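Enquirer: Sequence:
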Amino acid sequence: MEAAGLMDNFPYLVVRGICDYSDSHKNKERQEYAAAVAAAYTKEFLSYIPAIEIPMEPMPSVTEQTSVRRAVLESLEFEEMDSPHSNIKAAHSKTCEWLLEHPDYVDWLDPLKFHDHHGFLWINGKPGAGKSTLMKFAYTRAIKDTTSNTVTASFFFNARGDDLEKSTMGMHRSLLVQLLKNLPDLQDILDEDSILAQHRKGCLTGDIELLRYLFSKAVERLGERRLTCFIDALDECYEDQVRSMVQYFENLGENAVQSGVKLYVCFSSRHYPCIIIQFGRQLDLEDEPGHGQDFEKYVKVCLKAGKGKRSERVRAEILEKAAGVFLWVVLVVKIPNKEYSQGRIKDVERRLREIPAELSQLFKEILRRDNENMADFLLCIQWILYARRPLKREELYLAITSGFSTEPEDFAEWEPEEITTDDMRRFVLSSSKGLAEITRSKHQTVQFIHESVRDFLKDNGLRELWTEVGDDFQNFSHDRLKQCCHAYINVNTSRYIPPGKELPRASSEEGKALRQLLSKKFPFFEYATQHVLYHADEAAAGLPEVQDIYLGTFPLEMWINLDNLFEKYEVRRHTPTASLPYLLAEHNLARLIGIHLHHVSTIDILGERYRYPLFAALSNGHRDAVKAILQQTELPQEDSIYTQLDYRRRFEVNKHQTPLL
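In our numbering, the protein residues as written are 1 to 661.
I should point out that these hints are in silico values taken from the structure, not numbers from a laboratory.
No experiment lies behind these values; they were computed from the predicted model shown.
Possibly wrong hints are sitting among the right ones.
Unchecked claim - Below, computed lysine-lysine pairings styled on DSS-like, alpha-carbon distance capped at 30 Å: (1) 28 / 262; (2) 217 / 89; (3) 364 / 433; (4) 297 / 364; (5) 43 / 28; (6) 521 / 433; (7) 304 / 94; (8) 442 / 346; (9) 94 / 321; (10) 262 / 181; (11) 458 / 364.
Could you build the full structure based on these sequences and the hints that come with them?
Expert: Here you go:
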């Protein structure tokens, strides 16, 4: 193929001189004549074609180029990109320092050993062993030792956070942004036409292969500089994503060895799921004397046991029962400290013997001994476990209190002078029995103190605490959260949204100000509005009859007005007459679609932005909603409308037709 390399670059025409036909009619003697004929024809052909001057695209100025690069990087950033790292408590004084002198750690950073381990170090440990604290220590020390020739980046997976905090998509975006911001000379990799085209279409942020391509290209151009990445808590990401990511980094490490690029990667995870890499150093915390010495240092400082043989026995028993789990030590030390503070010196050893050594059993023990306000605790953990996204401090406070309020007037405007944020903080900590914490991130969301708390509750912890909890706990929880949301959206907002008055345009300053005002006065209002139907849909997996009744009484017109209020883009708002099937399809609430369509005569209800519910589902790529609609619809056997549609691009039907007829 003479022009194979020109495909898709510019218009072209191939002129061939042919001297043979198939394998049975070869005539190489005529090859020169055929070539001459082709050349003569081409020359004559070109003499008839007028020359065309193609205007060149003007080169962007340096200012424009910088602005575009900045926009691309900003699109890759996300709100909680740094929060998992900031939420990990710093290492206690004089702890973790053993790592810097550990032979495997020293070998990992030794350039002469690079060919042996390909730049990989993997730290393993039990749940709660202190892996994240150790990783934060190592990352912080690496940042402190940064020179003009080194770059350090990190990503701490967080299963308690938003989707991007617990996915490799978020990791790739974060690492790429950190690398390009630290080394601006590499930002020209963003100038490729294909990259900019994907950015303009809004596809760059969700294309993991494109993100990997960019990161690989940036790594290739490191030159003599060294890049060190710390990637923590791989077990808090989806297993299939982690395996794919590790394979990607292994390939990157292989290329680094061959090209002389200095790429160092430190992973940390639990022992399970077991992921094996061909090259690299591995460090198991349970086997490290330095890690055990950290326990001793912590207990010596934090246990207020005084001096004497009794105190030494208490310290020794704590260290023995900890079995390498640092979180166990942190939680247990508080118990004898409480006894010591009350002068119950002789009770300390007895209490320690009663404390279970297993972390999950310790959680159960803590909850059984503090059995006050258990209704608050149950609703609190239901929200932390099953909320669509992590709730902010104010949101969780109001979400819990709304679960115990029966009248709309109970939901008064939040007055910070009457209920302070500190009051809310204490309420959250009390309701969670100390198993949840408020993050240090910008929005101060609430999460469990450790992922092992979620593991305990989701395994058998809830059944052991509440024997009446069956296999449908998740469905019942979502139904409870739906009720909380429904109660809150009935709050009286007539002072700010007079009945019958048209809402300001979504993008207007007035619209923005109204959203901010209502979010300030009623902090749980936005979440309750936007996710009440989500929780109903999740609950429908086990409670379809309950949700069927709920949909029959759902205040649709009021909800549409509230949803429009919080919508930032005018085009995404709905008319007051929008149908429930359309809204369910647009939000991919497939279970509710299946329930509701039994009560409607047709799904082909015309109206709104995408005209029909089916089109709303298709245009948003909601496969579950499409499937639910088709399962409830009698399809035509021939002359299907589908052959006339260009999915995801053109949604229209011929006159006198509906989407399915």
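Enquirer: Broken hints, numbered, in rising order?
Expert: 1, 2 and 8
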